[in-house]
Amino acid sequence: DDLGQALFVRDNRTVTLTEAGEELRVFAQQTLLQYQQLRHTIDQQGPSLSGELHIFCSVTAAYSHLPPILDRFRAEHPSVEIKLTTGDAADAMEKVVTGEADLAIAGKPETLPGAVAFSMLENLAVVLIAPALPCPVRNQVSVEKPDWSTVPFIMADQGPVRRRIELWFRRNKISNPMIYATVGGHEAMVSMVALGCGVALLPEVVLENSPEPVRNRVMILERSDEKTPFELGVCAQKKRLHEPLIEAFWRILPNHK
1 DDLGQALFVR DNRTVTLTEA GEELRVFAQQ TLLQYQQLRH TIDQQGPSLS
51 GELHIFCSVT AAYSHLPPIL DRFRAEHPSV EIKLTTGDAA DAMEKVVTGE
101 ADLAIAGKPE TLPGAVAFSM LENLAVVLIA PALPCPVRNQ VSVEKPDWST
151 VPFIMADQGP VRRRIELWFR RNKISNPMIY ATVGGHEAMV SMVALGCGVA
201 LLPEVVLENS PEPVRNRVMI LERSDEKTPF ELGVCAQKKR LHEPLIEAFW
251 RILPNHK
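Be aware that the sequence shown starts at 1, since it is given in UniProt numbering, and climbs by one per residue.
Watch out, some of these pointers could steer you wrong.
What the hints assert, rightly or not - Within a straight-line C-alpha distance of at most 35 Å, the following computed DSBU-like cross-link-like pairs (lysine-lysine) qualify:
(1) K83 <-> K173
(2) K108 <-> K145
(3) K239 <-> K83
(4) K173 <-> K108
(5) K173 <-> K145
(6) K108 <-> K83
(7) K83 <-> K238
(8) K108 <-> K238
Keep in mind the hints are simulated off the structure, nothing from the lab.
Whole structure, please, built from the sequences with the hints as guidance.
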């Protein structure tokens, strides 16, 4: 009745399929075969992954780099629960080493711990920033050749960004820099520069993802050259890469090995 066609002809002794009935029989056989093939494929893949995956990254990375990765992962493994913790980017590598996080987004250190695997996401530009609003610090850096030894600096307390500013000091032959403050968290460094406390060297992506009122109070003095890229990537313990959840996450990374 739903098809609006007679599917068979019946008399007292026999039942015969009509042309429409024969077409429906073929369609039903094909549909059943496709269903069986689908079930076989699903069975071959095994049960879908489930459980918790603990990820650590900075607030900036949670905005700038994590969302597209999570979109791909959740599309393939919707039953996995993501536990995200944000904090100082300089702590990311340690969180993985100690097992506090399964995975972390981190800047690659000069010497990568032997037990850690690293999959690069992007080479980040590093910028030297200063207050944009009128203040003593802006006056100091606005001259043609600033006396950097008298300019207050906001520094990361540890991690790759800390080593970058130390390298910058050496290149500029600043043996005794004026340190206004050492800060945990790159986002806080931007805020302190915006308040006129000093200048800071950090990844440009941190500035780009800062709130607009803060970003508008900061100006870029210089960008780092490409000879010393700041590598951002995902890290995990090598010995855990075979674990199903970590392996599945690692596989969807753009440069996984």
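The hints, checked one at a time:
| no. | hint | result |
| --- | --- | --- |
| 1 | K83 <-> K173 | violated (44 Å) |
| 2 | K108 <-> K145 | holds (32 Å) |
| 3 | K239 <-> K83 | holds (21 Å) |
| 4 | K173 <-> K108 | holds (25 Å) |
| 5 | K173 <-> K145 | holds (14 Å) |
| 6 | K108 <-> K83 | holds (23 Å) |
| 7 | K83 <-> K238 | holds (20 Å) |
| 8 | K108 <-> K238 | holds (15 Å) |
Comparing the model with each numbered hint stated earlier shows that hint 1 is the single one that does not hold.
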